[in-house]
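Hey, can you work out the whole structure from these sequences and the hints?
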Amino acid sequence: MASTQETRRTKRIDGSRRRGIGLHAALVVGVLLSAFPFYWAVIMSTHTSSEIFSYPPKLLPGTHFLENVRSLFDNIDFFGSMFNSLLVAGSVTFLVLFFDSLAAFVFAKFEFPGKRLLFVLLMFIFMVPAQLQAIPQFVIMAKLGWIGSMTALIVPAAANAFGIFWMRQYMKGAIHDELLDASRIDGANFLRQYWHVALPVVRPGLAFLGIFTFMGQWNDYAWPLIALTNPDNVTLQVALSQLNGTHGTTDYGMVMTGALLALVPLLIVFAIGARQMIGDLAKGAIK
Amino acid sequence: MATLRTLEKPSAVVADVPVTRPRTGFRKYWHLYAAISPFYLLFLCFGLIPVGFSLYLSFHRWDGLGPMEWAGLSQYQYLLSDSEFWSSIGTTIVIWALATFPMIFLAMVTAVMLNSAVRFKNLYRVAYFLPNVTSVVAIAIIFGSVFSTNFGLVNAFLQAIGFDQIAWLNTPWGIKIAIATLMTWQWTGYNAIIFLAGLQTVPSELYEAARMDGAGPVQTFFRITLPMMRPVLLFVLVVSTVTGLQSFSEPQVLLQNTSNDSTFSGGPGHAGRTMVLYFFQQTFDNNDFGYGAAVAWGIFLVVVLFSIINWRLVQRRGEE
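Chains as they are written, first to last, in the UniProt record's numbering: chain A, 1 to 287; chain B, 1 to 320.
It is possible that some hints are incorrect.
[Claimed, not checked] Cut-off 27 Å, straight-line C-alpha distance, at most; resulting in silico cross-link-like pairs (DSSO-like, lysine-lysine):
# : chain 1 : residue 1 : chain 2 : residue 2
1 : A       : LYS115    : A       : LYS172
2 : A       : LYS172    : A       : LYS109
3 : B       : LYS28     : A       : LYS115
4 : B       : LYS28     : A       : LYS172
5 : A       : LYS172    : B       : LYS121
6 : A       : LYS109    : B       : LYS28
Keep in mind that the hints were calculated from the coordinates and are not lab data.
Have a look at this one:
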């Protein structure tokens with residue numbers, strides 16, 4: 001990889017430097033567009049609601065951030081619900097990474113009777129709207145006595161079709177058959193092939209799936225809203241959505257402050273995972 | 001690599017391989033089935049049974065509390081003639097198309113640019129992925145304020161360059177464009193990162209060969225990059241279709257305060273009422289769980305049909 005980057009770099013230098021500048025200009029415009037709503041959220045979280053809805057729009061930060069934080073903490077148990085979110089998102093991410101990558105490894109690199117049928121079934125499952133399952137799932141959870149506990153959020157999410165589909169597509173390209181054959185000749189059994197050959201190669205793919213799963217769980221609010229019946233025992237998104245509805249007129253400054261603060265753990269997870277993901281998404285094991 | 005530690009063994013093992021009697025059937029494959037079983041077991045308990053129940057439900061009338069009442073196929077008959085359901089399909093597809101095609105185009109362009117940029121590549125990747133990290137609740141609130149008629153940034157900008165205000169969240173096309181913009185913003189960077197992963201699996205020898213044959217950048221893109229990216233493009237298209245056609249949170253949060261009759265109404269004139277919003281409206285506003293289940297099955301059929309069409313289109317293009 002290093003050598004190809006080297007050749008690219010030398011080519012760039014004796015190629016057109018102007019094209020490089022135009023390229024970066026276009027990329028920076030893209031970054032600004034991606035980042036702008038975050039800037040806007042910061043602006044909103046530092047103003048009162050009446051300041052937010054004034055004309056012309058405020059483009060610079062105001063002075064009401066701490067006030068917004070205070071009214072946020074007065075209205076919801078911010079850290080309690082944040083702990084619940086961390087518990088759910090953390091456990092689900094761990095379980096999904098394990099179960100999905102294991103299943104994807106099988107689908108990507110092995111042949112067995114019924115494989116095609118099972119994979120088609122998986123793809124159909126992926127397309128079933130979550131709403132189709134919501135009402136009956138609630139009935140089942142109630143029978144199991146899980147309603148109101150985090151188990152109702154963690155167990156059904158512990159493996160998913162999306163992750164298996166993604167990891168399979170990724171593994172098909174990233175794990176070379178020669179490498180697997182070599183490890184088989186070394187006498188590695190299935191689990192060793194999975195653990196010592198497949199996993200190290202697909203780390204960037206796993207990091208991506210991990211971030212994506214954590215995010216999805218962290219930001220999910222439809223199912224937690226239904227399943228967590230005890231108002232003292234909710235996840236952060238549900239707590240935030242309670243801010244949005246109950247008070248008639250919404251205090252946008254406070255809601256935005258909550259949304260921004262709810263982003264902090266995500267950004268930390270992202271920063272940790274991004275290093276893995278960015279390592280090189282397409283890095284193979286054979287150099 | 002840990003497996004290489006047992007380097008002395010191979011010769012013996014190699015000799016063993018052809019001698020091993022071929023095991024048959026389940027004994028030979030049990031570990032593979034065991035490895036994929038967690039997903040299918042979970043699906044059985046929390047997927048298949050609920051799905052079966054919702055099928056059962058769709059043949060009944062049920063308000064969620066009282067006894068169920070057999071309704072036969074009448075829910076489905078009504079669904080077929082329900083003009084509101086059909087218009088929600090139209091709304092969903094229009095929003096999906098408005099969001100997906102610009103998104104895939106922009107993502108592809110971004111990925112190709114990122115792939116040829118040498119400096120700051122990692123920084124760009126992080127920046128482009130960020131929109132996807134934020135919760136839809138927060139994004140919808142932000143975009144609601146950006147597209148606000150009197151105080152919104154978009155209209156402030158339009159006025160500054162001499163145009164009239166547009167009531168974005170109050171007109172049929174304005175609503176659709178606002179939702180599609182939100183979705184495009186949220187997913188372009190995500191898909192660009194996926195495309196980039198695909199671009200990097202294209203062997204550089206192919207590009208060298210193309211350059212030697214005198215192919216220009218455009219030719220190279222259509223003859224080499226695009227065909228090689230087929231699995232990734234397929235992934236992006238299928239995921240965009242499945243998630244895009246099931247969009248719910250975006251219109252719900254964005255439009256929940258713009259109409260008085262229901263939080264699931266999809267704004268004035270139901271212009272943003274997607275299929276899933278319609279499902280929620282029928283199920284929870286009308287307490288019509290049986291018809292809601294029938295609507296959900298209708299949604300499922302539309303999503304499957306659309307995904308198959310997309311799948312076929314992408315695969316055929318690759319075969320040429």
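Structure-based check of all given hints:
| no. | hint | in the structure |
| --- | --- | --- |
| 1 | LYS115/A with LYS172/A | 15 Å, holds |
| 2 | LYS172/A with LYS109/A | 7 Å, holds |
| 3 | LYS28/B with LYS115/A | 14 Å, holds |
| 4 | LYS28/B with LYS172/A | 23 Å, holds |
| 5 | LYS172/A with LYS121/B | 25 Å, holds |
| 6 | LYS109/A with LYS28/B | 15 Å, holds |
No hint from the list above goes unmet by this structure.
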